[in-house]
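> Sequence lines, in order, name chains Z and L. Under my numbering, the residues of the first sequence are numbered 1 to 176, in order. Under my numbering, the residues of the second sequence are numbered 177 to 458, in order.
Keep in mind the hints are simulated off the structure, nothing from the lab. These numbers come from a predicted model, not from an experiment. Be a bit skeptical, because a hint or two may be false.
Said to hold, decoys possible - No more than 25 angstroms apart at the CA atoms, straight line, and that leaves these computed lysine-lysine pairs for DSS-like:
1) Z:K117 with L:K195
2) L:K281 with L:K209
3) L:K358 with L:K372
4) Z:K68 with L:K207
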Amino acid sequence: MGIFNKSNQNKEELTLKEFEEAFDLYYTSIRNFLYFKTSQEGLAEDVAQDAFVKLWETRHSINKSSIKSYLYTIANNLAINQLKRDQLKYKFQNLQVERSNNETPEYLMEVQEFDKKLQDVLARIPDGAREVFLMNRIEGLKYHEIAERLGLSMKAIEKRMSKALSILRTELHRKV
Amino acid sequence: MTEGNDIESRIDEAISNLKMPFSDSSTADAKEKLMMMAEESQPVFSINRRQKVTWWQVAAAVALLIALPFSLYMVGNVSHTNGSNIAVAHTLPDGSQITLNPGSKVDYNTMLWWRSRKVNFEGKGYFVVNPGNEFKVKSPHGEVQVYGTEFTVWADDNDLWVHCSEGSVGVTHADTEIKLTKGEYTACNDGELRAKCKLAHKGFYKPRERGDVLEFENTPFSAVIQELEHVFETEISYTLDHRLNYSGSLQSENMMESLDILCQTFGAKFEAKPDGSISISE
């Protein structure tokens, strides 16, 4: 995390160089988080950029050691506002699935069907639990990392993961 | 393997194949856009409005404001004395030039030069002034206001001589100003500014070096003596009428030969005294 951990610099204004470093470190994960939350590709990119604009606007007063959680908080709030305003429904309409061409057509048909069902179920997992689950499974983040980013306790993350897994198991078992 | 575990591994397998719909170029575009926004919004001077201003910061700022003009003045002060035994040219901040005779001194302030071209001067110097705003030469016995371009100032603790070679200059002493045009000179001796005199010889007061021929044309005798005193660095006293004029050439290398020629013209004679000074009498 480089410069953002040096306590003596935390009170100073965020420099252009530090802003660039923050982008390199956090933009992709913030945008992915927003995508897990909204399922809207364009919206995720727009809101992620808006979060960085807000970061730059508050560069005079920002505590550099909390930039990461600050960005996630802004991104989360902006996304909630946007979803409310546009009354969007979560749907993984653009999530692509990579499959090998070496499989038999029957197998491929079966997994494609499973993928579709999976995406349907993911769409029904409540807000909060879904992005935590996907951050863990797609981004490979550990529970404590997710907790740190979202400003939540480990227990809250475990609970959300458990909830997401429970819904997935139940719904997919029923459908398979 | 239980049925639950089977579902979970299928979920994990399916999820591991999911691919985010973002390209690398979209990230690069976002970065370019954001960095441009940040660069454009950066002020030249950043002021943190939330920062508290303490009393000592105010005191420091006030002290700085008070000390700044003085510091600028001190930093900009230039003093130059020609310590050599030949005439030396000195260039002023605006490119104007002074040729300083040995022992002459000039001082001025480079920080204030843009506002006022003013030099303090002692000794003998030949000024070539570039066009611009007001240019003044201050000496112990008066001030020279420059309207033209080329002139000679010859100033010491007792006297001030000013000769204009090109353009015009004003010489001020005790609220009296005499304006000189090309070829004219005036002097301030014994606390009084003399009426201007015309010198036919254009280059009379131009700096000379040893070896130069001193050419005079209808030049007042007193002025010839002044010139010889400075060229030979000796005192010359005389009993002849100072209103006499002299035309002719004298050698700057040989004092005795020059004095001999000058005295022959007026039927006078000269005598070298033990202290090195010269006395001319009828």
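> Hint by hint, note whether the structure agrees.
Comparing the hints with the structure gives:
1. Restraint check: the Cα-Cα separation between K117 of chain Z and K195 of chain L comes to about 16 angstroms, which is no more than 25 angstroms; the hinted pair holds.
2. Proposed proximity of K281 of chain L and K209 of chain L is contradicted: the alpha carbons are some 62 angstroms apart, above 25 angstroms.
3. Between K358 of chain L and K372 of chain L the CA atoms are separated by roughly 12 angstroms; this keeps the pair inside 25 angstroms, and the hint holds.
4. About 17 angstroms separates the Cα atoms of K68 of chain Z and K207 of chain L, which keeps this hinted pair within 25 angstroms; it holds.
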